[in-house]
Amino acid sequence: MVSVFVGFLTLQACKTDKNRRRTSNLAENPVISICLDFGTYPDDTPISSPFKQAGFTVESDGKLMVNETGQKTALQFESEGMSIGLPKRLNQVKLRMASNNIEFKVWATTEQGKVLDSAAVYQNSFKDFYLIGKGIERVVFHGGGNKGALKEICVDL
Numbered sequence: 001m002v003s004v005f006v007g008f009l010t011l012q013a014c015k016t017d018k019n020r021r022r023t024s025n026l027a028e029n030p031v032i033s034i035c036l037d038f039g040t041y042p043d044d045t046p047i048s049s050p051f052k053q054a055g056f057t058v059e060s061d062g063k064l065m066v067n068e069t070g071q072k073t074a075l076q077f078e079s080e081g082m083s084i085g086l087p088k089r090l091n092q093v094k095l096r097m098a099s100n101n102i103e104f105k106v107w108a109t110t111e112q113g114k115v116l117d118s119a120a121v122y123q124n125s126f127k128d129f130y131l132i133g134k135g136i137e138r139v140v141f142h143g144g145g146n147k148g149a150l151k152e153i154c155v156d157l
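Residue numbering for the sequence shown follows the UniProt record's numbering, starting at 1 and increasing by one per position.
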């Protein structure tokens with residue numbers, strides 16, 4: 001795998017097998033992964049809405065702030081939630097998230113709002129979640145008692 005860090009964005013090129021697991025051989029059909037990593041932002045950085053970076057569009061009616069949570073910096077959102085438009089229609093999204101003891105929900109949707117997959121986040125430590133479905137265009141977050149935290153969102157192009 002080849003990784004390139006550019007500002008607040010990580011690009012990775014690698015080869016995957018039929019189950020989308022990464023293999024070490026980059027010779028044929030490389031997959032480009034784009035990650036928007038809020039762990040690279042300084043603590044207490046306000047994020048305006050809409051926020052556009054690396055093809056992702058982050059939108060929220062509430063306040064968005066990069067905040068240190070569990071010794072990691074992550075994008076913290078209010079209970080009203082937020083949504084993230086993806087760079088293009090995809091079949092899988094990887095998220096690294098945590099909540100501060102109050103559950104929040106995450107949905108992978110089409111642009112029209114059809115739910116393709118979902119997850120509930122309730123643990124106090126950061127964990128990876130994969131949302132899978134044909135034609136994911138948006139990821140929607142709701143709940144968390146103003147303590148929902150997204151460290152990273154990644155997609156394979």
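It cannot be assumed that every hint is accurate.
As the list claims (entries may be wrong) - Straight-line alpha carbon distances no greater than 30 angstroms define the calculated DSBU-like cross-link-like pairs of lysine-lysine that follow:
id : residue 1 : residue 2
1  : K105      : K88
2  : K52       : K147
3  : K127      : K105
4  : K52       : K88
5  : K114      : K88
6  : K72       : K127
7  : K52       : K105
8  : K72       : K88
9  : K114      : K52
10 : K127      : K63
11 : K94       : K52
12 : K114      : K134
13 : K94       : K134
14 : K63       : K147
15 : K52       : K63
16 : K147      : K127
17 : K147      : K94
18 : K88       : K134
Stated by the list, open to error - Simulated restraints on C-beta separations:
id : residue 1 : residue 2 : range
19 : R89       : A120      : 35 to 41 angstroms
20 : Y41       : K94       : 17 to 23 angstroms
21 : V115      : D61       : 29 to 35 angstroms
Keep in mind that the hints were calculated from the coordinates and are not lab data. Don't be surprised by glycine CBs; every beta carbon is placed ideally from N, CA and C.
We went through each hint and held it up to the structure:
Restraint check for K105 and K88: the C-alpha separation of about 22 angstroms stays at or below 30 angstroms, so the hint holds. For the hint pairing K52 with K147, the CA-to-CA distance comes to about 22 angstroms; that is within 30 angstroms, so the pair holds. With a CA separation close to 14 angstroms, the supplied pair K127 and K105 stays within the 30 angstroms bound. Under the criterion of a C-alpha separation no larger than 30 angstroms, the hint pairing K52 with K88 is consistent with the structure, at around 14 angstroms.
Under the criterion of a C-alpha separation no larger than 30 angstroms, the hint pairing K114 with K88 is consistent with the structure, at around 16 angstroms. With a C-alpha separation of about 12 angstroms, the suggested pairing of K72 with K127 holds against the 30 angstroms cut-off. For a cut-off of 30 angstroms, the pair hint linking K52 to K105 stands: about 22 angstroms separates their Cα positions. At most 30 angstroms may separate the alpha-carbon atoms for a hinted pair to count; K72 and K88 meet this at roughly 28 angstroms.
Restraint check: the Cα-Cα separation between K114 and K52 comes to about 23 angstroms, which is no more than 30 angstroms; the hinted pair holds. Note on K127 and K63: the hinted pairing holds, with a Cα-Cα distance of about 23 angstroms set against a maximum of 30 angstroms. With a C-alpha separation of about 18 angstroms, the suggested pair K94 and K52 falls inside the 30 angstroms cut-off, and the hint holds. Restraint check: the Cα-Cα separation between K114 and K134 comes to about 11 angstroms, which is no more than 30 angstroms; the hinted pair holds.
Restraint check: the Cα-Cα separation between K94 and K134 comes to about 14 angstroms, which is no more than 30 angstroms; the hinted pair holds. For the given pair, K63 sits about 11 angstroms from K147 by alpha-carbon distance, which is consistent with the 30 angstroms threshold. Our distance criterion of 30 angstroms between C-alpha atoms is met by K52 and K63, whose separation comes to about 16 angstroms. Straight-line distance between C-alpha atoms of K147 and K127 comes to about 15 angstroms, which keeps the hinted pair within the 30 angstroms bound.
Among the hinted pairs, K147 with K94 is consistent with the structure: their alpha-carbon atoms are about 20 angstroms apart, no more than 30 angstroms. Restraint check for K88 and K134: satisfied, since their Cα atoms lie roughly 12 angstroms apart, inside the 30 angstroms limit. Under the hint 35 to 41 angstroms, the C-beta atoms of R89 and A120, about 25 angstroms apart, miss the expected range. Hint check: Y41 to K94, Cβ distance near 19 angstroms, so the stated range 17 to 23 angstroms holds.
Here the CB-CB span from V115 to D61 is close to 20 angstroms, at odds with the stated 29 to 35 angstroms.
Going down the numbered hints, you'll see the structure goes against 19, 21, while the others check out.
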